[in-house]
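> Sequence:
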Amino acid sequence: MEEPVCLIENTTSGELQVNQEALDILSSIRQPVVVVSIVGMYRTGKSYLMNRLAGKRSGFSLGSTIQSETKGIWMWCVPHPCKNDHTLVLLDTEGLGNVEKGDPKNDTWIFALAVLLSSTLVYNSMGTINSQALMNLYYVTELTDHIKVKSGSEGQDETSSKYALFFPSFVWVVRDFTLDLVSNGKKITSDEYLENSMKLKTGYSKHTAASNDASECIQTFFPKRKCFVMYRPVSQNDLRILDQLYDTDLDPGFIQQATEFCKYIFDNSEKKMISEGTPVTGKVLGRLAGTYVDAIQSGTIPCLENAVLAVSQVENAAAVEQSYALYRRLLEERVVLSAETGAVKEEELSAVHNVCLEEALRHFKAQSFNDKEDKFQKDLKERIMKEYDGKCSENAALSFCSTLLQRLWDSLDHASYMRSGGYPSYRIQVDYIIQKYRATPGKGSKADQVLDAFMKAKERKKLERRWRDTEQKEEAERDRQAMFKRLEEEQERAHKEREKEMIEHMEREWKAAQEEQKKALEELWARFQAEREARERGISPFLVGIPPWYMRARE
Numbered sequence: 001m002e003e004p005v006c007l008i009e010n011t012t013s014g015e016l017q018v019n020q021e022a023l024d025i026l027s028s029i030r031q032p033v034v035v036v037s038i039v040g041m042y043r044t045g046k047s048y049l050m051n052r053l054a055g056k057r058s059g060f061s062l063g064s065t066i067q068s069e070t071k072g073i074w075m076w077c078v079p080h081p082c083k084n085d086h087t088l089v090l091l092d093t094e095g096l097g098n099v100e101k102g103d104p105k106n107d108t109w110i111f112a113l114a115v116l117l118s119s120t121l122v123y124n125s126m127g128t129i130n131s132q133a134l135m136n137l138y139y140v141t142e143l144t145d146h147i148k149v150k151s152g153s154e155g156q157d158e159t160s161s162k163y164a165l166f167f168p169s170f171v172w173v174v175r176d177f178t179l180d181l182v183s184n185g186k187k188i189t190s191d192e193y194l195e196n197s198m199k200l201k202t203g204y205s206k207h208t209a210a211s212n213d214a215s216e217c218i219q220t221f222f223p224k225r226k227c228f229v230m231y232r233p234v235s236q237n238d239l240r241i242l243d244q245l246y247d248t249d250l251d252p253g254f255i256q257q258a259t260e261f262c263k264y265i266f267d268n269s270e271k272k273m274i275s276e277g278t279p280v281t282g283k284v285l286g287r288l289a290g291t292y293v294d295a296i297q298s299g300t301i302p303c304l305e306n307a308v309l310a311v312s313q314v315e316n317a318a319a320v321e322q323s324y325a326l327y328r329r330l331l332e333e334r335v336v337l338s339a340e341t342g343a344v345k346e347e348e349l350s351a352v353h354n355v356c357l358e359e360a361l362r363h364f365k366a367q368s369f370n371d372k373e374d375k376f377q378k379d380l381k382e383r384i385m386k387e388y389d390g391k392c393s394e395n396a397a398l399s400f401c402s403t404l405l406q407r408l409w410d411s412l413d414h415a416s417y418m419r420s421g422g423y424p425s426y427r428i429q430v431d432y433i434i435q436k437y438r439a440t441p442g443k444g445s446k447a448d449q450v451l452d453a454f455m456k457a458k459e460r461k462k463l464e465r466r467w468r469d470t471e472q473k474e475e476a477e478r479d480r481q482a483m484f485k486r487l488e489e490e491q492e493r494a495h496k497e498r499e500k501e502m503i504e505h506m507e508r509e510w511k512a513a514q515e516e517q518k519k520a521l522e523e524l525w526a527r528f529q530a531e532r533e534a535r536e537r538g539i540s541p542f543l544v545g546i547p548p549w550y551m552r553a554r555e
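Numbering (full-length UniProt numbering) for the sequence shown: 1 to 555.
Derived by calculation from the structure, the hints in this document are not laboratory data. Just to be clear, a hint being listed does not mean it is correct.
Claimed, not checked - 30 Å max Cα-Cα, derived DSSO-like pairs, lysine-lysine:
hint, residue 1, residue 2
1, LYS375, LYS162
2, LYS150, LYS56
3, LYS150, LYS186
4, LYS456, LYS162
Unchecked claim - Computed spacing ranges between beta-carbons, pair by pair:
hint, residue 1, residue 2, range
5, SER183, GLU2, 40 to 48 Å
6, ASP247, GLU2, 16 to 24 Å
7, ARG57, SER13, 32 to 40 Å
Every value quoted in this text rests on a predicted model; they were computed, and no experiment measured them. Here a beta-carbon is modelled for each residue, glycine too, at the ideal position from N, C-alpha and C.
Work out the full structure, taking the sequences as your base and the hints as a guide.
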């Protein structure tokens with residue numbers, strides 16, 4: 001959430017009303033919530049403290065006048081800074097004691113709702129813890145008049161200790177504290193300061209009695225208590241712009257105290273729980289808020305037991321429906337039915353059922369809330385088993401029908417129609433087995449569905465055979481065409497090879513003729529040269545070419 005929203009609206013007519021937008025936000029939170037609410041007199045800086053818990057300078061409206069700024073109960077959901085998978089829900093309440101409101105009963109209900117919804121209740125006051133401060137907490141003395149632990153307890157005493165089991169931890173923050181934490185000359189802690197301040201006073205005045213009543217109730221209802229004292233963060237003039245200031249602008253002592261407060265809240269605030277240690281999610285918190293407000297508006301006293309019972313009824317009934325629907329969907333998706341019979345083997349159906357059942361139960365446990373004695377889980381199992389038994393019966397009927405059909409089909413005289421002109425015989429036999437099938441009792445409500453699926457499967461197989469025959473013929477034709485193509489390619493290749501060899505032979509012959517012609521020309525040229533040289537030397541051309549040894553012998 002980027003900013004707070006109103007959870008419980010305090011209308012102008014004084015009625016309380018739950019805001020649907022806030023409920024939608026809470027419904028989306030399926031993890032445990034740590035709920036910290038703050039209460040206190042109006043205009044005492046509660047909203048600023050909650051903004052610091054949210055890690056923001058602004059968010060919850062502060063205001064700078066004497067009028068109360070927060071109306072009703074406002075909510076801010078942020079991720080828990082220390083606990084994974086937890087959401088921190090901050091509840092800022094309308095200031096108590098606003099004279100303009102004029103209805104103290106409304107303040108009491110705001111205080112009671114803060115107690116009912118939170119796991120840590122922060123009470124914010126100013127100055128010191130004295131008798132007046134305790135008297136301002138008179139709302140705590142009226143909690144037993146506005147909250148019941150058990151149903152049907154009118155006229156019965158509910159001990160205050162019972163409330164302590166369900167109430168949140170208590171943190172008292174004293175703002176603008178100026179005193180030294182010293183008692184009897186010794187330094188004390190802020191926790192010791194709180195306990196000392198709550199010691200019962202002696203006396204019989206109404207003032208003393210009221211103060212003592214508040215002290216006793218705090219000690220009884222909130223056995224886990226903590227106290228923080230804080231200095232004034234800035235000067236009086238700067239208080240009006242407090243949400244605009246950075247920590248460097250604030251008193252260092254206040255920063256240290258506020259940091260210690262936030263750390264304590266983050267580290268020690270437990271997740272919201274109900275009876276028997278059941279954690280509360282955001283979704284459940286929203287339902288509880290609605291239940292409490294409905295009780296207040298109807299004029300009855302909010303009862304913890306009744307609220308938890310009402311929420312658990314709604315949540316668990318929804319969880320049963322969701323888990324049952326999940327089982328049916330998973331079973332439908334994962335059971336692989338025979339295309340011909342529409343049935344499945346019994347052992348396969350059982351195995352798928354067991355897996356789907358486990359997933360449905362896991363989903364239920366994740367979504368359920370305070371299912372005492374596993375009442376709703378047992379209801380879920382019964383519904384699932386009834387669904388499974390019906391599925392088994394249906395599957396058995398489908399198997400019976402498919403087996404019957406197959407036996408009748410096997411009795412066909414296939415030789416009588418597997419010939420030219422045999423189709424009429426085929427139709428007569430098929431019509432006969434259909435009549436015989438329909439006349440057989442005990443087939444169940446889906447007999448026609450099985451018959452239709454069976455015949456379609458047979459027709460499909462017949463078409464597949466035709467397709468395969470056609471494919472085979474086409475394949476044979478493709479093979480024949482491929483063979484012709486290969487022969488043509490081989491003939492073409494042989495023709496080209498012969499052509500190539502012929503051309504190469506002619507080229508060789510031509511080259512040889514060229515060589516012979518060249519050689520003859522060279523010889524003719526050589527003879528011509530020799531004759532010319534002989535003439536030049538005066539030798540008879542006829543003697544040209546006569547070997548020298550022959551000429552020497554003539555001489």
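> Give a verdict on every hint.
Consistency of the hints with the structure:
no.	hint	in the structure
1	LYS375 with LYS162	holds (26 Å)
2	LYS150 with LYS56	violated (40 Å)
3	LYS150 with LYS186	violated (45 Å)
4	LYS456 with LYS162	violated (71 Å)
5	SER183 with GLU2: 40 to 48 Å	holds (45 Å)
6	ASP247 with GLU2: 16 to 24 Å	holds (22 Å)
7	ARG57 with SER13: 32 to 40 Å	holds (34 Å)
The structure does not agree with the numbered hints 2, 3, 4 stated previously, though it agrees with the rest.
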